[in-house]
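Let the sequences and hints guide you as you build the complete structure.
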Amino acid sequence: MQRKTRDKLILTIVGWLAAFLIFFPIFWMVLTSFKTEIEAIKTPPDLFFTPTIENYITVRERADYVHFALNSIVVSFAATALAILIAVPASYAMAFFPGKRTKDLLLWMLSTKMMPAVGVLVPIYLLFKNTGAIDTRWGLVVVYTLMNLPIVVWMLYTFFKEVPKDILEAGRMDGARPKQEVWLLLMPLSLPGIASTALLSIILCWNEAFWSLNLTASNAAPLTTFIASFSAPEGLFWAKLSAASTVAIAPILVFGWMSQRQLVRGLTFGAVK
Amino acid sequence: MASSTTVTAPAAAPAGGRSRRSVNTLPLLAPSVGLLFLWMIVPLAMTLWFSFQYYNLLNPMLSGFAGLDNYRYLLTDPSLWTAMLNTLYLVFWVLVITVGLGTLLAVLFDQEFWGRGVARLLAIAPFFVMPTVSALIWKNMLMHPVNGLFAFVARSLGFPPVDFFGNLPLTSVIIIVAWQWLPFALLILLTAIQSLDNEQKEAARMDGAGPFAMFFFIILPHLARAISVVIMIETIFLLSVFAEILVTTSGGPGLASTNLAFLVYQRALLEFDVGMASAGGMIAVVLANIVAAFLVRAIAKNVAE
Chain A
2 MQRKTRDKLI LTIVGWLAAF LIFFPIFWMV LTSFKTEIEA IKTPPDLFFT PTIENYITVR
62 ERADYVHFAL NSIVVSFAAT ALAILIAVPA SYAMAFFPGK RTKDLLLWML STKMMPAVGV
122 LVPIYLLFKN TGAIDTRWGL VVVYTLMNLP IVVWMLYTFF KEVPKDILEA GRMDGARPKQ
182 EVWLLLMPLS LPGIASTALL SIILCWNEAF WSLNLTASNA APLTTFIASF SAPEGLFWAK
242 LSAASTVAIA PILVFGWMSQ RQLVRGLTFG AVK
Chain B
4 MASSTTVTAP AAAPAGGRSR RSVNTLPLLA PSVGLLFLWM IVPLAMTLWF SFQYYNLLNP
64 MLSGFAGLDN YRYLLTDPSL WTAMLNTLYL VFWVLVITVG LGTLLAVLFD QEFWGRGVAR
124 LLAIAPFFVM PTVSALIWKN MLMHPVNGLF AFVARSLGFP PVDFFGNLPL TSVIIIVAWQ
184 WLPFALLILL TAIQSLDNEQ KEAARMDGAG PFAMFFFIIL PHLARAISVV IMIETIFLLS
244 VFAEILVTTS GGPGLASTNL AFLVYQRALL EFDVGMASAG GMIAVVLANI VAAFLVRAIA
304 KNVAE
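In order, the protein sequence lines correspond to chains A and B.
Heads up: the first sequence is residues 2 to 274, going by this note's numbering.
Heads up: the second sequence is residues 4 to 308, going by this note's numbering.
Because the hints were derived from the structure by calculation, they are not lab data.
For glycine and all other residues, C-beta sits at the position ideal for the given N, C-alpha and C.
You may find that some hints are simply not true.
Short, incomplete list of chain B residues facing chain A, as computed with Cβ under 10 Å [stated by the list, open to error]: (1) PHE53; (2) SER159; (3) ALA291.
See below:
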């Protein structure tokens, strides 16, 4: 027993040390966000200082920050809702009425996700430019919806497959039409699955930084683009950058922690269980 | 898992056409399939078409069919080869770091210890940080040659501080990207380890297997499949690392940290050479497809089960 406790103690120390080292950059960022600009660039850095929330106030007061945050929220949620709306019928069909081609179809959808975005950057960019979709929220919503559609279809498919068929069967016997069957039986039954699919999709949209950097400039720019603007030398305000970054990642970090299990499933397309 | 039996087992359903009606799934599938087709295949065809054209937005006079000229020019341009090598170098080292450390960490976090749940949450956090934020934290607060934390640590240990982005641009990008993807590898490998049968572990222990034998003969073989999935998925994403480069080095100094994705971006959006950029895009697609072919095969096996 004695030895077991000692082993556990060592494991605890090693485990926490590893976790803290990995987490450290985030910790340091949060710490910096409570410093003044002068303290932020000071070497040697202060570990103990009088925290200030001045940076957060500045960030909140700058109207543009709110504008970018709002873009992130609107685009992520709209694209997620749209993707789920489009995916539900397809996943329903594939989960409950699989045909000979269902497997091929699923794999084809998956394969579109394998395509590097840079391979279609040029035509999409030109198309957006010519249709006036560049730097608009709806343009970004369209891109994000389509970008996540394969993952959403795939995840909903695996969740729908777990719904007992007898229940849907019974509903059908009672005269439920297909539409009622989906909305009144399937959707409520697989609500946890749909919720985690939505979470994953929101996370992916929120952190997406290829299309947002290339297709938006100011009007529709989400937080990823806004934060990137700090890379310019004149934007070297570390404390404010840290505060803006902390606010930008906080909600998504919580979402991510909530949905870590489903994340594995969604990102590996069920290849690892 | 039993999905494949639904259609072929009508005997289980009560008689009467109602419950086993044949459903026309086409209208249900059409929106998803149609949109994905429009989203990927059509632009891809356009990229392919552009790549055979002279097409520069700054020079409308120059147009028409280019044949293989764009490819010929690109393939003889040393920047393509540099970018290609950088791309592969980045993918390779990030994979080595994330899979290597990820495996060790997964074994560690599989052990029972106090506060394991919270420690695990901390360890997976970087994955949820947007790329532009993580690039800027590392670039400024950690790797800055004067005010950064690493410079301070180096100085207090008596070493000269390293100018990360000046002298080791690609290595710096690799460190940042590896930090972002380590939690992904950890999460997936941990999931895989936890699916390992406890009885199997117990049996091995009874037979006198030490921790090392356990790792090499029980855990690692069990992880083989998960590791291959991690490698393939990461490769797909790592082939087009973009934001981290844009924010930290902008591909420089010179071409030192330019990868294929960044090269295409430069050609298309900074130099407006649509034809050339498209040819670069096609090369990226071919590279990704080689990897994707293996990945799809691995997953197909799973779907078939």
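Checking hints one by one. Is SER159 (chain B) an interface residue toward chain A, by the C-beta closer than 10 Å rule? Because about 7 Å separates SER159 (chain B) from the closest Cβ in chain A, which is inside the 10 Å limit, the hint holds.
Hint check, PHE53 (chain B) versus chain A [nearest Cβ-Cβ separation less than 10 Å]: PHE53 (chain B) check passes; min Cβ-Cβ to chain A is 6 Å, inside 10 Å.
Closer than 10 Å between Cβ atoms is the bar; does ALA291 (chain B) clear it against chain A? Give me holds or violated. OK, holds: ALA291 (chain B) within 10 Å of chain A, min 5 Å.
This entry satisfies every hint, going by the numbered hints stated previously.
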